Amino acid sequence: MLKSLIIVGLIMGSIYGLIGLGYSVIYRASGIMNLAQGELITLSAFLGYTFFGVCGLPYGVALILTVVIMFVLGVMIQKGLVSRYQKRGVTGVYMLLITFGLSRVINGGEALIFGSNAKRFPSIFNVSTVNIMGAHLQPERIMCLFLALISMLLVHLFMTRTKTGIGMQACAMHSKAAEACGIDVVKSNGLTWGLASVVAAMCGMMLGPIYGVTLMLGANLSQMGFASSVAGGMGNIYGAMVGGIIIGLIESLVGGYVNSTWKSMIAYLILFLILAVRPTGLFNEQAVRDV
Amino acid sequence: MRQKRMLALVLALAMMFSLTACSGGGDGETTAAGGTEAAGETTAAAGGETQAAAEGEEGSAQEGAFNIGVYQWMSGNAASIGEEMKVAFEIAVEDMGGTVNGEEVNFIYYDTTNNPETAVTAAQYLIGQNVDAVIGSFQSSDVVAALPYLEDAGIVNVFMGTSGSLVTDDQKYSVRGAFNADYSIPQFVATMQELQYENVAVFYGQDEASIANWGAMEPALEEAGLNVVAVETGSESDTDYSAQCLKIVDSNPDVVYVVCSGAGVNFVKQLREYGYNGIVMNKDEWMTSHVDQIGEANSQYVMGCVAYTTYKSIEAAEEAGARPEVITFLEKFQEKTGTLPTVGITYRCYDSCYLMLEAAKRAGTNHDADAIIEAMLGINDISLCMGPVDFTQGDREPCHEFMRTIYVDEGSKNFDSWLTNGGYDAYKSATGREK
Numbered sequence: 275m276l277k278s279l280i281i282v283g284l285i286m287g288s289i290y291g292l293i294g295l296g297y298s299v300i301y302r303a304s305g306i307m308n309l310a311q312g313e314l315i316t317l318s319a320f321l322g323y324t325f326f327g328v329c330g331l332p333y334g335v336a337l338i339l340t341v342v343i344m345f346v347l348g349v350m351i352q353k354g355l356v357s358r359y360q361k362r363g364v365t366g367v368y369m370l371l372i373t374f375g376l377s378r379v380i381n382g383g384e385a386l387i388f389g390s391n392a393k394r395f396p397s398i399f400n401v402s403t404v405n406i407m408g409a410h411l412q413p414e415r416i417m418c419l420f421l422a423l424i425s426m427l428l429v430h431l432f433m434t435r436t437k438t439g440i441g442m443q444a445c446a447m448h449s450k451a452a453e454a455c456g457i458d459v460v461k462s463n464g465l466t467w468g469l470a471s472v473v474a475a476m477c478g479m480m481l482g483p484i485y486g487v488t489l490m491l492g493a494n495l496s497q498m499g500f501a502s503s504v505a506g507g508m509g510n511i512y513g514a515m516v517g518g519i520i521i522g523l524i525e526s527l528v529g530g531y532v533n534s535t536w537k538s539m540i541a542y543l544i545l546f547l548i549l550a551v552r553p554t555g556l557f558n559e560q561a562v563r564d565v
Numbered sequence: 008m009r010q011k012r013m014l015a016l017v018l019a020l021a022m023m024f025s026l027t028a029c030s031g032g033g034d035g036e037t038t039a040a041g042g043t044e045a046a047g048e049t050t051a052a053a054g055g056e057t058q059a060a061a062e063g064e065e066g067s068a069q070e071g072a073f074n075i076g077v078y079q080w081m082s083g084n085a086a087s088i089g090e091e092m093k094v095a096f097e098i099a100v101e102d103m104g105g106t107v108n109g110e111e112v113n114f115i116y117y118d119t120t121n122n123p124e125t126a127v128t129a130a131q132y133l134i135g136q137n138v139d140a141v142i143g144s145f146q147s148s149d150v151v152a153a154l155p156y157l158e159d160a161g162i163v164n165v166f167m168g169t170s171g172s173l174v175t176d177d178q179k180y181s182v183r184g185a186f187n188a189d190y191s192i193p194q195f196v197a198t199m200q201e202l203q204y205e206n207v208a209v210f211y212g213q214d215e216a217s218i219a220n221w222g223a224m225e226p227a228l229e230e231a232g233l234n235v236v237a238v239e240t241g242s243e244s245d246t247d248y249s250a251q252c253l254k255i256v257d258s259n260p261d262v263v264y265v266v267c268s269g270a271g272v273n274f275v276k277q278l279r280e281y282g283y284n285g286i287v288m289n290k291d292e293w294m295t296s297h298v299d300q301i302g303e304a305n306s307q308y309v310m311g312c313v314a315y316t317t318y319k320s321i322e323a324a325e326e327a328g329a330r331p332e333v334i335t336f337l338e339k340f341q342e343k344t345g346t347l348p349t350v351g352i353t354y355r356c357y358d359s360c361y362l363m364l365e366a367a368k369r370a371g372t373n374h375d376a377d378a379i380i381e382a383m384l385g386i387n388d389i390s391l392c393m394g395p396v397d398f399t400q401g402d403r404e405p406c407h408e409f410m411r412t413i414y415v416d417e418g419s420k421n422f423d424s425w426l427t428n429g430g431y432d433a434y435k436s437a438t439g440r441e442k
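Heads up: the sequence lines are chains A and B, in that order.
Position 216 of the first sequence, counted from 1, bears residue number 490 in our numbering, the numbering being contiguous throughout.
Position 284 of the second sequence, counted from 1, bears residue number 291 in our numbering, the numbering being contiguous throughout.
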């Protein structure tokens, strides 16, 4: 059972890590803690379900459509809401509250448009389970692991190897200085939210087939995703993934060998321990801006 | 200052939008009974006439009406339950002739938002509205929280939670309008013995009803000499039950007993994915909404000992041997909505409402709690969706008959017929299991 628990822990960890990546991207590039990230995941799952499950489009097409829509939505949120408040000097806890309010609006909109019943996201693959080292696993879970790792790598390369990505980080460090260097701060901030929404879209499209689509999907899983990004070092791309995998493994092993009631509690206790030893997370990421 | 005011405005609008959306689900503006709906609290005037609640008076008791307060989770994931509940209430009122003791029935709704603390607020709000009676939540945790306040206020209340621990000797004004889930335990255990099972794995939820049910099931399994090879637990917010599933599969059980109000469905899906293909005994009815959520294949061989279950069509209900009262209710429900109930809670709502109205009718008053509860506890001659109602057995419970069902071949079937017709052999052949 140990092998199975480790595999499951790695997969869960990658899911948490990918969710945490969404938090980290926005925090790293704009210093904002986006509490609506979970709802963006839920919305993506609903969109994916509509394209794939209702309209019958191929999964790849549904994924692309969802990613594009979520990217546009992310940019719109930044331009239509976040930037307006930023221009008025709203920061810190007030911005936190705005993203929290946004999460409630999105959740309400989802209930209005898609209804409250849980939706069954059809399986992507023809086989229901695959056997990996004795562990029966849904192929979608395996896909999750790989897509999460690929997403993390792509985001990292984008943020560190492209002009746009480096510009986004520069904007977060000092927007006026970045502007003076010729960086389009407005465009850069929009791209940041678009990118985080794309990450949410990837999460939603992967989680839907595994857990079904409910109004609580993103909210439930994003708690651990948020914890992952904090454990790894808020804003650190790899940190989110490592934090996620640590939490996933702890949950899985505690659930398997100790008691499933305690798995979340112990995971959080270990998170406290990590933060006590390294207050800025495992990767010692300095806060971009104190929120 | 201006900035904070703007922020407050935006957040207030956000919350309002969110709550309004959640409380109504799809078309939440008009209630099934013809009333209008506001954020969190709604009123509905049942009895046929469509009424628009006046501005500022929504959720208020009305003069000269039988005012029944309703506290229940009816937003977010439960918005559709709230909608089906209102249709069930409307049918119950119509079945009573539209009025009770010459008064229209006025429902005052309060959404508990899946939060027992809100259930307390709901109880206090309804008490403040001077309601004549209350129909309570289908969530046992809500009932546990609200019931003491309603008892202290001397308000008759019919609750819909199924936890065995909800009925206590010190209650005067509270009765259940549904079944006591603990009463099905002997039938579950007898079925395990009948199928010669030896090893049982258990998954129970962290909600009040599930904990109480497992507390009653555990000694029953022990007494029957059955081995409990794995006991796992989880809550709805966990979402992922991989570790629990792996442990249960690893214990190689003959059967898995699931008692989990919210998370059970998702757990069963994951249990199947981790390789368990045997019979799952589920405390609650396996609803149409469950099948919609996790699919036909994952729903195969889920067995229950229940008072009622949902069906995909009236023909399927008839074929499965559903009670005549259930068939009649389904016909009326379909006539009103064009669909059938997706959750068994809708039957509970109908039965609870009918019981409340019937008790008031027998008492000859809508406003005397002592008379209504006395009349209620004397009811033993009617039959509802739950089957024959008999409050006179000394346990303050109305339901004492359960039927065994199993979900197989795209529908809930009568378990006894399934066994008789060789279903169990077909199951063993299809799954490759010895038991």
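Hints in this document: simulated from the structure, not taken from any laboratory.
For clarity, every value in this text was computed on a predicted model and none was experimentally measured.
It cannot be assumed that every hint is accurate.
To spell it out: a stretch of chain B is covered by chain A in this simulated footprint if at least three of its residues, at any positions, have a beta carbon under 8 Å from a beta carbon of chain A; those stretches are [to be verified]:
1. 80-88
2. 219-227
3. 297-305
4. 330-343
Even glycine gets a Cβ: it sits at the ideal position worked out from N, Cα and C.
Tested hints:
no., hint, verdict
1, 80-88, "holds (count 6)"
2, 219-227, "violated (count 0)"
3, 297-305, "holds (count 5)"
4, 330-343, "violated (count 0)"
Hint violations for this structure: numbers 2, 4, all remaining hints satisfied.
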